[in-house]
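Assemble the whole structure, with the sequences as input and the hints as a guide.
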Amino acid sequence: MAKKPTQNKDVGTTGHSWDGIEELNTPLPRWWLWTFYATIVWGLYYVAAYPAWPLINGATQGFLGFSTRAEVAADIAEFEAKQAPMNDKLASVELTAIADDAELLGYANSAGAAVFKTWCAQCHGSGASGAVGYPNLVDDDWLWGGDIESIHTTITVGVRQPTDEDYLRQSEMPAFGRDELLEDGQIDEVVNFVMSLSGDAQDATLVEAGAVVYEENCAACHGDEGKGDIDQGAPNLADAIWLYGDSYDAIRESVYYARYGAMPAWNTRLSEAEIRAVSTFVHTRGGGQ
Amino acid sequence: MSQSQPDAPQNLYAAREPVFPRRVSGKFRNMKWVIMAITLGIYYLTPWIRWDRGVNLPDQAVLVDLANRRFYFFWIEIWPHEFYFVAGLLVMAGLGLFLFTSALGRVWCGYACPQTVWTDLFILVERWVEGDRNARLRLHRQKKWDARKLRLRLTKFVLWILIALATGGAWVFYFTDAPQLAVDLVTLNAHPIAYSTMLILTATTFFFGGIAREQICIYACPWPRIQAAMMDEDTLTIGYRHWRGEPRGKLKPHKKTKPAAAAAASDAPVISEAAAPQGDCIDCMACVNVCPMGIDIRDGQQMECITCGLCIDACDDVMEKIGKPRGLIDYLALTDETAEQAGKEPKSVWKHIFRPRTILYTTLWSLVGIALVVALFIRADIELTVAPVRNPVYVTLSDGSIRNTYDVRLRNKNGDDRPFKISIKGHPTLRLQLEGTPYDTVDVPADTMSLQRVYVVAPKGSEPALSERMDLRIWVEDISNGDRAYKDTLFNGKGN
Numbered sequence: 001m002a003k004k005p006t007q008n009k010d011v012g013t014t015g016h017s018w019d020g021i022e023e024l025n026t027p028l029p030r031w032w033l034w035t036f037y038a039t040i041v042w043g044l045y046y047v048a049a050y051p052a053w054p055l056i057n058g059a060t061q062g063f064l065g066f067s068t069r070a071e072v073a074a075d076i077a078e079f080e081a082k083q084a085p086m087n088d089k090l091a092s093v094e095l096t097a098i099a100d101d102a103e104l105l106g107y108a109n110s111a112g113a114a115v116f117k118t119w120c121a122q123c124h125g126s127g128a129s130g131a132v133g134y135p136n137l138v139d140d141d142w143l144w145g146g147d148i149e150s151i152h153t154t155i156t157v158g159v160r161q162p163t164d165e166d167y168l169r170q171s172e173m174p175a176f177g178r179d180e181l182l183e184d185g186q187i188d189e190v191v192n193f194v195m196s197l198s199g200d201a202q203d204a205t206l207v208e209a210g211a212v213v214y215e216e217n218c219a220a221c222h223g224d225e226g227k228g229d230i231d232q233g234a235p236n237l238a239d240a241i242w243l244y245g246d247s248y249d250a251i252r253e254s255v256y257y258a259r260y261g262a263m264p265a266w267n268t269r270l271s272e273a274e275i276r277a278v279s280t281f282v283h284t285r286g287g288g289q
Numbered sequence: 001m002s003q004s005q006p007d008a009p010q011n012l013y014a015a016r017e018p019v020f021p022r023r024v025s026g027k028f029r030n031m032k033w034v035i036m037a038i039t040l041g042i043y044y045l046t047p048w049i050r051w052d053r054g055v056n057l058p059d060q061a062v063l064v065d066l067a068n069r070r071f072y073f074f075w076i077e078i079w080p081h082e083f084y085f086v087a088g089l090l091v092m093a094g095l096g097l098f099l100f101t102s103a104l105g106r107v108w109c110g111y112a113c114p115q116t117v118w119t120d121l122f123i124l125v126e127r128w129v130e131g132d133r134n135a136r137l138r139l140h141r142q143k144k145w146d147a148r149k150l151r152l153r154l155t156k157f158v159l160w161i162l163i164a165l166a167t168g169g170a171w172v173f174y175f176t177d178a179p180q181l182a183v184d185l186v187t188l189n190a191h192p193i194a195y196s197t198m199l200i201l202t203a204t205t206f207f208f209g210g211i212a213r214e215q216i217c218i219y220a221c222p223w224p225r226i227q228a229a230m231m232d233e234d235t236l237t238i239g240y241r242h243w244r245g246e247p248r249g250k251l252k253p254h255k256k257t258k259p260a261a262a263a264a265a266s267d268a269p270v271i272s273e274a275a276a277p278q279g280d281c282i283d284c285m286a287c288v289n290v291c292p293m294g295i296d297i298r299d300g301q302q303m304e305c306i307t308c309g310l311c312i313d314a315c316d317d318v319m320e321k322i323g324k325p326r327g328l329i330d331y332l333a334l335t336d337e338t339a340e341q342a343g344k345e346p347k348s349v350w351k352h353i354f355r356p357r358t359i360l361y362t363t364l365w366s367l368v369g370i371a372l373v374v375a376l377f378i379r380a381d382i383e384l385t386v387a388p389v390r391n392p393v394y395v396t397l398s399d400g401s402i403r404n405t406y407d408v409r410l411r412n413k414n415g416d417d418r419p420f421k422i423s424i425k426g427h428p429t430l431r432l433q434l435e436g437t438p439y440d441t442v443d444v445p446a447d448t449m450s451l452q453r454v455y456v457v458a459p460k461g462s463e464p465a466l467s468e469r470m471d472l473r474i475w476v477e478d479i480s481n482g483d484r485a486y487k488d489t490l491f492n493g494k495g496n
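So the sequence lines, in the order shown, correspond to chains A and B. Note that our numbering numbers the first sequence so that position 48 is 48, with each residue one more than the last. Note that our numbering numbers the second sequence so that position 215 is 215, with each residue one more than the last.
If you are wondering where the hints come from, they were derived from the structure by calculation, not from laboratory data. Every residue, glycine too, gets a C-beta built ideally from N, C-alpha and C. Check each hint, because a few of them may be wrong.
[As the list claims (entries may be wrong)] If you anchor each label on the Cβ, the simulated ranges turn out as follows:
#1 A:Val72 <-> B:Pro192: 16 to 24 Å
#2 B:Gly249 <-> A:Asp19: 29 to 37 Å
#3 B:Ala446 <-> A:Ala91: 25 to 33 Å
#4 A:Ala91 <-> B:Ile378: 44 to 52 Å
#5 B:Trp51 <-> A:Pro54: 54 to 62 Å
#6 A:Leu64 <-> B:Leu154: 35 to 43 Å
#7 B:Asp483 <-> A:Leu168: 46 to 54 Å
#8 A:Thr39 <-> B:Ala380: 52 to 60 Å
#9 B:Trp51 <-> A:Gly43: 47 to 55 Å
#10 A:Gly106 <-> B:Trp128: 58 to 66 Å
#11 A:Pro54 <-> B:Gly415: 57 to 65 Å
See the structure below:
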């Protein structure tokens, strides 16, 4: 069946033969050659137009002035320009009004998620569930208040920061053991009492005595019923959530040495829109009040 | 592999030899006209078909809405997560190609390929402007660009460009509302992407259909190679009955045949016309002249052949004129050629088409098709996906209860807003709570997907709170019509 094509009657073969099947030596179409020349011309243009030759202090620039770095910068600038109206709106509305505007809420949540991952996840965890000493933000227990305005204030001024000159998030618990404000026995008693508020004391016989110690030393800040005080960041001792652990030893350590958890003031690093975005994000993670 | 002395090629490169297909008529030509009318009609007219879907949805019957990630096809609306329909259609297209190629060879190339259809259209215009093969050859060979040549060429190119423009223009109508875009295009208000797409497709249509033509099939297209691998000895393809046609020779009028006695009496050894056996092929070149690929089918099956059947029409025409049976060039399989040469009856056409191989392809093709249709009919107008939040797996609340969080995505495929009621089915102690609302109902706007955070709380000390994990089913109900859908998931407790 193998016959030579009609149009190129004299193409001949390459001399290669596989089981009697010979390979025709058909000439390439000439336009194919032109495309080859075109690639050469394009290559020369490319070398002149774009960064190409590596030199000691970088590559040749090319007459188009193209740079991926500049493209990224332009993309970011364009992106920021597009976001500007939304950011302005976010930074100016009432905090409580954000949740009523579905578009603004969606934007704040998305932007807040990005801010959170960049600045907050290191301590509070990528799922905002915290760690020992770093509050869980998805539960319903808040040291300084869980409504959007309180969260916003906390993020803005930080916790226990010298820059917080209005004393919005300042407080300090005495180190009852280290500073010898209480006897060791009294500390054991008060720890047992505190444990009894939310569950079972380790030693039930000490609870009654502990109540007296609590009344005299702790109730001023943590409240008569141990419900805490969000105005001074005093934790609720009667709930199931323990920032530093619910074991006897962990609670005793808190009483003996006291704790002094701190968070940076974010108004020095984030814009108002970013702070509001991340406040909204935290508020809508399940614990917002 | 054996190696013998290669023949030196005449040239490393050869210019394209222009092809001037002659006009032909016959059943394959008629079939090609019909297919051209249908395929071009579908292509140009489809975007203009309207289909009412309600106020919030487009009323274009076939629309690829890239901006909103939707594909509309009459009563079907495909969302991005249903892309498997497209994958299924591609599988069907692939199997369909296997089927047709194993039964009828390169039938796609010859009749339905856009390259073939548009080239056919461009050749039609060319013939209409410049005349048939001989006139076009003369015009081509005429070196001098006189007024007539200039006028004919210009007319042809303008008509080609108009067709190309309509082709590129029709394409963009599939991607946005056609009537609105038509107005925008004319008033120069359309998006630059619409213009650039039109420009590129106009240029490629003009170049592929008018200038490059068969070069695309021979050098640019992968199908000829792939399809050649899918054909076998029972595949029907265009063939030349060379045992009938050869040796070919010019048709000699009978009256001029010398009497045998006169030839014998002559001194010179003249070979008698009657003695020389002559086949049916009269070497009239009709089959070559009509070929859009510029090949000679009498050389046998060739990679260039797109099996358009025009040579069959041309040859049958000639055979009728000289009073010979039709079918010197015909749809033939390799097994037919062997059988006929051996003097046996070839298989019937149906035996070539219905073979185990083609039946297998048809079965597979139908199975995929049925699966797609079933999938299309059982899918609901409301859908949900449930992604349990695993970071953290659960949260202990201040009253000691255990809370799980689920990201529930609700899809409303209707053209109006719908209230979706969310409920759970699981351990009776579990309580449901939605983020951002005290109610258990959320409004999902028309034709959108909403993300709703759903909390499920197990009281302190309850069975789900203390277990490792428990089954949980999340239900969604469209309150407006009672449509329901659910997804199964798990509730994670503290464990003991």
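Going down the list of hints, with the structure as the test:
1. Here the CB-CB span from Val72 (chain A) to Pro192 (chain B) is close to 23 Å, well matched to the stated 16 to 24 Å.
2. Judged by the Cβ atoms, the range 29 to 37 Å given for Gly249 (chain B) and Asp19 (chain A) holds: they are separated by roughly 34 Å.
3. A hinted range of 25 to 33 Å holds for the C-beta pair Ala446 (chain B) and Ala91 (chain A), which are about 32 Å apart.
4. Taking the beta carbon of each, Ala91 (chain A) and Ile378 (chain B) are about 49 Å apart, inside 44 to 52 Å as hinted.
5. Restraint check, Trp51 (chain B) to Pro54 (chain A): a C-beta distance of roughly 58 Å satisfies the suggested window 54 to 62 Å.
6. For Leu64 (chain A) paired with Leu154 (chain B), a C-beta distance near 37 Å keeps the hint of 35 to 43 Å intact.
7. For Asp483 (chain B) and Leu168 (chain A), the hinted distance range of 46 to 54 Å is satisfied, since their beta carbons lie about 51 Å from each other.
8. The supplied range of 52 to 60 Å is met by Thr39 (chain A) and Ala380 (chain B), whose beta-carbon atoms lie about 53 Å from each other.
9. Distance hint check for Trp51 (chain B) and Gly43 (chain A): the Cβ-Cβ separation is about 50 Å, which falls inside the suggested range of 47 to 55 Å.
10. Restraint check, Gly106 (chain A) to Trp128 (chain B): a C-beta distance of roughly 59 Å satisfies the suggested window 58 to 66 Å.
11. One distance hint, 57 to 65 Å for the beta-carbon pair Pro54 (chain A) and Gly415 (chain B), holds here, with the actual separation near 58 Å.
Consistency note: the structure conflicts with none of the earlier hints.
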